[in-house]
Structures are given as C-alpha cells and as structure tokens.
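Based on the provided sequences and hints, a complete structural model is requested.
Protein chains: 2
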Amino acid sequence: MKRIEHRACFGGHQEVYQHESNTLSCPMNFAIFLPKASRTANLPVLYWLSGLTCTEQNFISKAGAQRYANEHGVIIVAPDTSPRGEGIPNDSAYDLGIGAGFYVNATQEPWAKNFKMYDYIVHELPALIEANFPANDRRGIFGHSMGGHGALVIGLRNPDRFQSVSAFSPIVAPSQVPWGEKAFTAYLGNDLKTWEEYDAVALISKTKKRLPLLVDQGLADEFLELQLRPELLKAACEENGHPLTQNLREGYDHSYYFIATFIGDHIAHHEKILKMK
Amino acid sequence: MKRIEHRACFGGHQEVYQHESNTLSCPMNFAIFLPKASRTANLPVLYWLSGLTCTEQNFISKAGAQRYANEHGVIIVAPDTSPRGEGIPNDSAYDLGIGAGFYVNATQEPWAKNFKMYDYIVHELPALIEANFPANDRRGIFGHSMGGHGALVIGLRNPDRFQSVSAFSPIVAPSQVPWGEKAFTAYLGNDLKTWEEYDAVALISKTKKRLPLLVDQGLADEFLELQLRPELLKAACEENGHPLTQNLREGYDHSYYFIATFIGDHIAHHEKILKMK
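Chains as they are written, first to last, in the numbering used here: chain A, 1 to 277; chain B, 1 to 277.
These are calculated hints, taken from the structure and not from any lab test. Warning: the hint list may mix true and false statements.
It does not matter which identical chain is meant; a pair holds if it fits inside one copy or across any two.
[Unchecked claim] Derived DMTMM-like pairs: lysine to aspartate or glutamate, alpha-carbon spacing no greater than 25 Å straight-line:
(1) Lys234 <-> Asp160
(2) Lys206 <-> Glu15
(3) Lys36 <-> Asp253
(4) Lys36 <-> Asp95
(5) Lys208 <-> Asp137
(6) Lys2 <-> Asp119
(7) Lys36 <-> Asp265
(8) Lys113 <-> Glu86
(9) Lys2 <-> Asp253
(10) Lys272 <-> Glu86
(11) Lys36 <-> Glu250
(12) Lys62 <-> Glu5
All figures in this text were calculated on a predicted structure; none of them were measured in a lab.
In structure tokens, the structure reads:
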C-alpha cells in the first residue's frame, strides 16, 4: 500500500492510497480522511460510494465532508467506483465499465474477472482499512446516485458489518430503470433472480434486521423520474414496515452542491448510530 | 448577461453568468452565490480572485464557502482569472496568458487589448453586480495565490471601494519572485516603476488608509520560499505600521483543502468589517 496524497485539512489529514486489490485483480486508489481525533483513538469508519464517472477524488474535493468528520470524530473512506487502468475491460458509454462498477459481482464476460465491486467494498476494503488505520469495528456506509444504490444494497444485505446506512439521490430500484437494466444485463446476464440481490427495493421485503434508512433526494434532480424513482423505495418501506427517513428537497439537483448542503446531517446520523454501542 | 448555471446550495443559489466585457473585449463568466437572505435584503459582496489556471469553477466547487456565506449573509462573486476564448492571446506556459491575468492592466503587446483584469475587477464587475443583483455598496475582496496578490493590490489601492481585504497564500511581492517577474515583464514591460503599482509589499509604504489585512499561509506550501515569501509582507507591514494578521499554518499546503479549512474565518472577518457601517 502506497500513500500518493497527504494534505492537512480541518485539523486532520486527507490522504489517498494505492494498493493491489486481490478482489479486482488490479491496482486501486482509495481516499481516506483521518480526523484529528484519530491520532489518539480508534474511530468508526464511514464508507462513501460515489456515482457514475467518479474516481476517489470527487467526494474529497467537492463534498466538504472533512469539517463534519472532524467534528464528529469519524474516518471517511472513499474508494474508486470501479476497477481502472490498462487491461480493464471498458465500454464507450459513461454508464458501463470503468467508472460504472455498480457495486455488483459481475458474472458475465468480459467483466467477471475484475468487476467485483460488491466483494471489494464489503470485504477487502474494510479489512485493509482496519489493518492499517486507527479504525474500530463500527462501520457506516453511504453514497450518491449509483453509490447511493450501492450503499443501500450493501447496508441491507450486511447489517452486521455496516451498522448505519444513508444515501443521496440513490438508484433505489435498478431492475426497473434504464441505468440499472443496462448495467445488470451486462454484468449479471438475463436471469432476473440474480438482479434482486442488488436491488434495494427488492431487498426491503427480504431483510430481517431493519436498519433505519436516511435518504435525501433533490426534487429538481434531472434523473428523478427516469432513473431514481424515490417513490418506489417509500412504498416498499411502508409495505414492509422498514424505517425510512426520506427528505425530498425542493429545488436541489443531482450535483455535489446538493450533497455538500446535507452531508453534515448524514455524518451526524451515522455518528449517532455508530457511537451507540 | 446570460445565466448558464443555477443550483440550490445551502439554502441559497450558486449561479454562473456569462456577459460581454467591455474592459476585456470578450465574453466572460463569473460565478455568484446568492444566500437565502438576498431574497429580502441588499447584502455586502465579497469578490474572490482565484489563482493560476483557475476558472470561475474552482472556488465554487472546492472551497465550501457557501455554507458560511449563507450564515453570514454575504454574496460571493468569483470571476474567471483572465480573458479567455477564441482570439485571446495566449502562451504555452500555465503562468502567462489565459488563466494567468495577474490582475494587472497590460500595456505590452500582444496583451494590451484584452488583459485588463485590474480594471475589470475594480470597476466593470462591481458595477455589473450592483446593477443586477441584491447588492449594497459594501465590498470585500479576497483570493488565493495569484488571486491573493490581486486582492491585496486592489484592496491597498482602492480602500474606499473595497472596505475589507484578505488573502490565502498570496504572492506578496511579485516584483521579487519568478512568477511575478515573468508575468510583469510580459504584461508591463521593463520599467520597474510600473511594477510597483501591482506589488503589495511595494504598496504598503504608499497607502494612506490602513485597512487591516488578514493573511493565511500554509507552512507546507510547495511555493512558500520561492514564490510567496510571506516574511516580506510581514516586514513591510511592521516597518510602516500597517495592521496585519498573518496566520502561518503548520502542515497546510497550497491546495483548496487549505482554503476550505480557513475560508469560514475569512468570511467572518469580512462580514464583521462590512456590517460595521
């Protein structure tokens, strides 16, 4: 593991590392913010999953999360959104291949060897973080758009590994919208049963441990009606008695200006749950 | 004047406009953050001048200033750093021409027609803002690196137009460092007398109205010793009894991670002065 960026920020440090991922069979970058309190204590870790086209850089330069992470004493890890680099299969579209891993374990060619983002986020990355940084065993997961989908799915399927979950503008039902249909067909094939394991709305009826979900969604989001469809998550949660706080924000769009506005609320939500134990 | 971006952010709006600049003889973009309070009152305006290579986008996407601007009830305007576009003279280096206007009025060819950033910031832009937005006549100016130089020079020369001044990592003595020597030679020619009008350290001994200066400088800044030389500003202020608060910040570098950490302190400094009247 090699440190490639190291910057003082809000009393802590914003760093970027590169490591060889066994799960993805390629070198991967991840960003980590270490607040001041991490010098003297092991802290909870929040995993941020970014959206389509992002690298590990977008969140750390645009969300303004470091201030809140320092205030609340949490580490934030922001991985890349897919395997990347020479020899990694790709597609010319922005919504498939590099920058568009969709947090699944691909089973179809040419993706199956590298596109195992689900396993990377659930297993390899937390193990790496906990072996190398002042992290305790409390973990939260959150993200934006494709990464909001990833956070909901990973949270719902692994409530003992990730004790808190939230999302901005998530793709809540990828099986029912164009972004998800395209990616899941390519990565998972045509058996719709396999899609359900990566679809938050489908998972709500199966999950046993009912972690409360916090979701913020802008009502001026350009992808609202075609790709995001927050009403499907609301209906699934109501039907199954799953606790959901869904904030619909008048005037806000899909950008980091929206995320920056409410990221402090999300970090406070995670801290409250993670420090309960 | 045409609005090209409009995004909800921290209860206000982050917008970008394009207009035809008479001073620069080309179309120019500027960003403006309008806090919630601007819906019902005319507010002070802070002008942010960015550094080398930046457009109007860097500050608005990376500094996290909107939260504080909303809290303090100030508008923030962030212009581009030079004339830009087809027909604008340029140089292949990053530190001359497009993206590197240095906030001077060029007198030398091929720059003299377009590179009048001093007049643009001092006159044309504030007039445009005050005619079209809920701005009162209280103005502050601040910036980073080349833009910190611009803010100090414009503040020192126009204390009645700009009532508050601050800077991050400013080039305090462009006449004495490589960035400034190269740009001033190209834009202003070889008469060193003309350089003094654009050199904060040289201006300190001439200014009559002694606006207090707030400067933050990271001590891990990669340009500290060669280009920035904060000790020259300190010595000039001490010699001339000019009020200076110079915060030297251990571990911080030249990046927006540094700016984001202390931008709230700077906005509070401006608000305090601008709301005194």
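Now the hints, each set against the structure:
1. Lys234 <-> Asp160: Within one copy, since 23 Å is at most 25 Å while 56 Å is not.
2. Lys206 <-> Glu15: Cα proximity of Lys206 and Glu15: none, with 38 Å in one copy and 44 Å across.
3. Lys36 <-> Asp253: Only across copies: Lys36 and Asp253 sit 17 Å apart there, 32 Å inside one copy, limit 25 Å.
4. Lys36 <-> Asp95: neither (37 Å within a copy, 35 Å between copies)
5. Lys208 <-> Asp137: within (21 Å within a copy, 61 Å between copies)
6. Lys2 <-> Asp119: within (22 Å within a copy, 47 Å between copies)
7. Lys36 <-> Asp265: both (20 Å within a copy, 19 Å between copies)
8. Lys113 <-> Glu86: Cα proximity of Lys113 and Glu86: one copy only (14 Å, versus 46 Å across).
9. Lys2 <-> Asp253: For Lys2 and Asp253, the Cα distance is within 25 Å only across copies (20 Å; inside one copy 36 Å).
10. Lys272 <-> Glu86: neither (42 Å within a copy, 53 Å between copies)
11. Lys36 <-> Glu250: between (35 Å within a copy, 14 Å between copies)
12. Lys62 <-> Glu5: This pair counts as both: shortest intra-copy Cα distance 16 Å, inter-copy 17 Å.
Consistency with the previously given hints fails for numbers 2, 4 and 10, ordered from lowest to highest.
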